[in-house]
Amino acid sequence: MAEPEKKTKFNLGKFITESQLYKSMFRHGYTPSERDRALSVMTNVFFHLHPVKVRKSGARFGFTWCAGGLSFFVFLTLVVSGILLMFYYRPTVEHAYNDIMALREHVPFGIMRELHRWGAHAMIITVWLHMFRVFMTGSYKPPREFNWVIGVILLVLTMLLSFTGYLLPWDQLAMWAITVGSNMARATPFLGHEGPGAALLALGDIPLVHSGSDVRFALLGGRFVGAGALLRFYILHCVAIPTVAVVLMSVHFWRIRKDGGISGPL
Amino acid sequence: MIELFKELVDAVSSPVTIFTGAVVVFLLFVTFPRQAASKGGGLTLLFLVLAFFGVGLTDKHFRSIVSAPDNVPIVGMIFIFGYFTWYAMRKAVENDRRMEKGEPTVEQAETNDKVLVFPYLIFIEFVVALAYAVGLVLWSLFLKAPLEEPANPTVSPNPSKAPWYFLGLQEMLVYFDPWIAGVLLPTLIILGLCAIPYIDRDPGNSGFYCYQKRRLGIQVYLFGFWVLWILLIVVGTFLRGPNWNFFGPFERWDVHKVVPLVNVNLSDLLFIKWLGWGLPKEWYLREAPGILLIFTYLILPPAVLAKTVLKGLCKKLEPVRYSILMFLLLVMLSLPIKMYLRWAFNLKYLVAIPEFFFNI
Chain A
1 MAEPEKKTKF
11 NLGKFITESQ
21 LYKSMFRHGY
31 TPSERDRALS
41 VMTNVFFHLH
51 PVKVRKSGAR
61 FGFTWCAGGL
71 SFFVFLTLVV
81 SGILLMFYYR
91 PTVEHAYNDI
101 MALREHVPFG
111 IMRELHRWGA
121 HAMIITVWLH
131 MFRVFMTGSY
141 KPPREFNWVI
151 GVILLVLTML
161 LSFTGYLLPW
171 DQLAMWAITV
181 GSNMARATPF
191 LGHEGPGAAL
201 LALGDIPLVH
211 SGSDVRFALL
221 GGRFVGAGAL
231 LRFYILHCVA
241 IPTVAVVLMS
251 VHFWRIRKDG
261 GISGPL
Chain B
1001 MIELFKELVD
1011 AVSSPVTIFT
1021 GAVVVFLLFV
1031 TFPRQAASKG
1041 GGLTLLFLVL
1051 AFFGVGLTDK
1061 HFRSIVSAPD
1071 NVPIVGMIFI
1081 FGYFTWYAMR
1091 KAVENDRRME
1101 KGEPTVEQAE
1111 TNDKVLVFPY
1121 LIFIEFVVAL
1131 AYAVGLVLWS
1141 LFLKAPLEEP
1151 ANPTVSPNPS
1161 KAPWYFLGLQ
1171 EMLVYFDPWI
1181 AGVLLPTLII
1191 LGLCAIPYID
1201 RDPGNSGFYC
1211 YQKRRLGIQV
1221 YLFGFWVLWI
1231 LLIVVGTFLR
1241 GPNWNFFGPF
1251 ERWDVHKVVP
1261 LVNVNLSDLL
1271 FIKWLGWGLP
1281 KEWYLREAPG
1291 ILLIFTYLIL
1301 PPAVLAKTVL
1311 KGLCKKLEPV
1321 RYSILMFLLL
1331 VMLSLPIKMY
1341 LRWAFNLKYL
1351 VAIPEFFFNI
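These protein sequences, in sequence, are chains A and B. Residue 174 in my numbering is what sits at position 174 of the first sequence, and the numbering runs on without skipping anything. Here my numbering = 1-based position in the second sequence + 1000.
Certain hints may be false.
Cut-off 30 Å, straight-line C-alpha distance, at most; resulting in silico cross-link-like pairs (DSS-like, lysine-lysine) [claimed, not checked]: (1) LYS1213/B <-> LYS1039/B; (2) LYS1060/B <-> LYS1161/B; (3) LYS23/A <-> LYS9/A; (4) LYS258/A <-> LYS1039/B; (5) LYS56/A <-> LYS258/A; (6) LYS1144/B <-> LYS1060/B; (7) LYS1213/B <-> LYS56/A; (8) LYS1338/B <-> LYS1273/B; (9) LYS56/A <-> LYS1101/B; (10) LYS1338/B <-> LYS1311/B; (11) LYS1281/B <-> LYS1338/B; (12) LYS1114/B <-> LYS56/A; (13) LYS1060/B <-> LYS1006/B; (14) LYS1039/B <-> LYS56/A; (15) LYS1307/B <-> LYS1338/B; (16) LYS53/A <-> LYS1114/B; (17) LYS1213/B <-> LYS258/A; (18) LYS1307/B <-> LYS1213/B; (19) LYS23/A <-> LYS53/A; (20) LYS1338/B <-> LYS1348/B; (21) LYS1338/B <-> LYS1257/B; (22) LYS1114/B <-> LYS258/A; (23) LYS1213/B <-> LYS1311/B; (24) LYS1348/B <-> LYS1257/B.
Simulated coverage check for chain B against chain A, where a stretch passes if three residues somewhere in it have a Cβ under 8 Å from a Cβ of chain A [said to hold, decoys possible]: (25) 1170-1184; (26) 1187-1199; (27) 1277-1289.
Calculated Cβ distances over 10 Å to all of chain B for the following chain A residues [as the list claims (entries may be wrong)]: (28) THR8; (29) LYS9; (30) THR17; (31) VAL45; (32) LYS53; (33) THR77; (34) TYR88; (35) THR137; (36) MET159; (37) GLY195; (38) LEU203; (39) PRO207; (40) ILE241.
Hints are computed from structural coordinates only; laboratory data are not their basis. Keep in mind the model is a prediction, meaning the values are calculated, not measured. The C-beta atom is built at its ideal place from N, Cα and C for all residues, glycine as well.
Just chain A, same shape as in the assembly:
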């Protein structure tokens, strides 16, 4: 007697999961069966960075501290907040500082710049932590040695990303931190005009490596931190280094799978 009544009752969950729209996106059910759970990972482009199954020891927070995943997560946060900042920021000497000032003064409760800056610091700490964990568990050992090397390069890129971004607010803190940081390049052996051996590179009396032709000049686009440096650092920060980092990250993640997943005892 009661059965026909139940059938006519509207079930929202069923209506959604049986619609063509939903089925076109998710080609499997959502039951707690192994098959559906495996398909959840396999048929989802984001989840399928993971294998379907992992070692229980490797899935634990206490083992990985999620440091690598969090490094990627904070990178994505920085991409999003960075894109938003790019709408408001012009990398020229006359506009840069005022644009940042405007973000600060004209946006009530605006935290995009804060999110971007603290995220950058957090990313450095998270990446160091990831390296620390990988070392402490001996996870760099064969067959993962090449992935460790890529990780080291990504670590350096993380610091370079943060370093190039440091100049963009164009305040005293930025300008002088970059001046101090880039002064080191002057002393590069052979390639910096104050580096050992640079004086040897000369044609007769004409020095080949001088303050207008050394690596520091190439980095700054000038003899001091000025308009050229601002533009170069902007392009490096927003386009060049992220591109390289994304490519290397893809290799890094892919190699984790190919080298046998999150490391476990033999």
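The hints should help you fit chain B onto chain A, whose structure is shown.
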């Protein structure tokens, strides 16, 4: 009472006491991992650091430096890395204990268990990412990103500091010329890190936390990370004031503090002070002792060790890997050695050839 404590801290603070203190703490930590990784050991360390910060924060100068927006991450980092070092050591000690008894390690016990990524791993990742995001948003809400005066190339702040994660390198500039501290050492740090898996190739003892069986590697890594990297960042950020002079944690940064520059080169010490001959005119004669010393430093210890204490290691690694490892370790050790030489003898350069901008 607090004033007395602050004066006492300032009086004993100097690069040499702080560095030596850190080395002692490091040695205690790696020699007594069981005690250090116990709950009591961890809590004692945490309490000491918290007490120091607690007392310190009552001081206006200390507060102004520690809470400078760009320095906040460093303070956070000290606690984060302190905790995770302790935590990793704790897991390692537990696994060491199990291995001694012949039991499988914590990770080995469940390594053949496989769990479905969805939902088990995805759930953990989701929760952790959420917590991380909430933390970032709260941090952003409560701490404004710094923005100082507009950039002005004619007014240079004193001290001028690089971003905090490079301050370890800037601190090294005290002891080495820019081409070493700013170019050579960073390059070797990167290459050295890359070289780790090609030197330590034994795939055993990987994939789980352990200490005893990988003691040497872990000690070198922890020393490099904590003492030569984090500590130098802390010193460079918090304790270096105007003109890169050293100041105690509670000492006002006085622009006019005068520190006598009495550093001398090895050649000065040798030819003028000890032998009394006066400096030779030719640079290669003048610097011959220093150059000889450096070559001896790089060649003698590896050769002696290969025949004695590290015979087994040398055989295991084969000559090329062994030489690279020794070179990297010696370069790493050269930093503390140079620091102590500076503090003990006011030594500036071991080899000084200003003719070619070549000073070591």
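Against the structure, the hints come out as follows:
For the hint pairing LYS1213/B with LYS1039/B, the CA-to-CA distance comes to about 23 Å; that is within 30 Å, so the pair holds. With a CA separation close to 21 Å, the supplied pair LYS1060/B and LYS1161/B stays within the 30 Å bound. In summary, the hint linking LYS23/A to LYS9/A is supported, as the alpha carbons are separated by about 22 Å, within the 30 Å threshold. Distance check on the hinted pair: LYS258/A and LYS1039/B sit about 38 Å apart at the alpha-carbon level, beyond 30 Å; violated.
Proposed proximity of LYS56/A and LYS258/A is supported: the alpha carbons are some 19 Å apart, at most 30 Å. A C-alpha spacing of about 20 Å is found between LYS1144/B and LYS1060/B, which places the hinted pair at or below 30 Å, so the restraint holds. A C-alpha spacing of about 24 Å is found between LYS1213/B and LYS56/A, which places the hinted pair at or below 30 Å, so the restraint holds. At roughly 20 Å between alpha-carbon atoms, LYS1338/B and LYS1273/B fall within 30 Å of each other, so this suggested pair holds.
At roughly 23 Å between alpha-carbon atoms, LYS56/A and LYS1101/B fall within 30 Å of each other, so this suggested pair holds. Between the alpha carbons of LYS1338/B and LYS1311/B the distance comes to roughly 28 Å, so the proposed pair stays at or under 30 Å and holds. A C-alpha spacing of about 26 Å is found between LYS1281/B and LYS1338/B, which places the hinted pair at or below 30 Å, so the restraint holds. With a C-alpha separation of about 5 Å, the suggested pairing of LYS1114/B with LYS56/A holds against the 30 Å cut-off.
Of the supplied pair hints, the one linking LYS1060/B and LYS1006/B holds, its CA atoms being roughly 12 Å apart against a limit of 30 Å. Simply put, LYS1039/B and LYS56/A have alpha-carbon atoms about 26 Å apart, close enough for the 30 Å limit, and the pair holds. Under the criterion of a C-alpha separation no larger than 30 Å, the hint pairing LYS1307/B with LYS1338/B is consistent with the structure, at around 27 Å. Between the alpha carbons of LYS53/A and LYS1114/B the distance comes to roughly 6 Å, so the proposed pair stays at or under 30 Å and holds.
Distance hint between LYS1213/B and LYS258/A is fulfilled; the C-alpha atoms sit about 27 Å from each other, no more than 30 Å. Restraint check: the Cα-Cα separation between LYS1307/B and LYS1213/B comes to about 22 Å, which is no more than 30 Å; the hinted pair holds. Between LYS23/A and LYS53/A the CA atoms are separated by roughly 24 Å; this keeps the pair inside 30 Å, and the hint holds. Simply put, LYS1338/B and LYS1348/B have alpha-carbon atoms about 9 Å apart, close enough for the 30 Å limit, and the pair holds.
Of the supplied pair hints, the one linking LYS1338/B and LYS1257/B holds, its CA atoms being roughly 24 Å apart against a limit of 30 Å. At most 30 Å may separate the alpha-carbon atoms for a hinted pair to count; LYS1114/B and LYS258/A meet this at roughly 18 Å. Taken as a hint, the LYS1213/B and LYS1311/B pair is honoured in the structure, with Cα atoms around 18 Å apart against an allowance of 30 Å. For a cut-off of 30 Å, the pair hint linking LYS1348/B to LYS1257/B stands: about 21 Å separates their Cα positions.
Under a criterion of three residues with beta carbons nearer than 8 Å to beta carbons of chain A, the stated coverage of the stretch 1170-1184 of chain B is upheld, 8 such residues being counted. Remark: the stretch 1187-1199 of chain B is confirmed as covered by chain A, as 6 of its residues place a Cβ nearer than 8 Å to a Cβ of that chain, reaching the required three. Residues of the stretch 1277-1289 of chain B lying with their CB closer than 8 Å to a CB of chain A number 0, which falls below the three-residue condition for coverage. Every CB of chain B is more than 10 Å from the CB of THR8/A (nearest about 34 Å), matching its label as outside the interface.
For LYS9/A, the requirement that its beta carbon stay farther than 10 Å from each beta carbon of chain B is met, with the minimum near 29 Å. Residue-level check passed: THR17/A sits 17 Å from the nearest beta carbon of chain B, beyond 10 Å. No beta-carbon of chain B is positioned within 10 Å of the beta-carbon of VAL45/A; the least distance is around 14 Å. The beta carbon of LYS53/A sits about 4 Å from the closest Cβ of chain B, which is not more than 10 Å, so the claim that it is off the interface is violated.
THR77/A, annotated as away from the interface, has a beta carbon of chain B within 10 Å; the closest lies near 7 Å. With a cut of 10 Å on Cβ distances, TYR88/A stays outside the contact zone with chain B, its closest approach being about 14 Å. Interface exclusion of THR137/A from chain B breaks down, the closest Cβ pair being 6 Å apart, not more than 10 Å. The Cβ of MET159/A does not lie farther than 10 Å from every Cβ of chain B; its closest approach is about 6 Å, which violates its non-interface assignment.
Annotated as non-interface, GLY195/A brings its C-beta within 10 Å of a C-beta of chain B; the closest such distance is 5 Å. Residue-level check passed: LEU203/A sits 18 Å from the nearest beta carbon of chain B, beyond 10 Å. PRO207/A, annotated as away from the interface, keeps every beta carbon of chain B farther than 10 Å; the closest lies near 13 Å. Distance to chain B confirms ILE241/A as a non-interface residue, since its nearest Cβ pair spans about 15 Å, more than 10 Å.
Of the numbered hints given earlier, the model fails hints 4, 27, 32, 33, 35, 36 and 37; all others are met.
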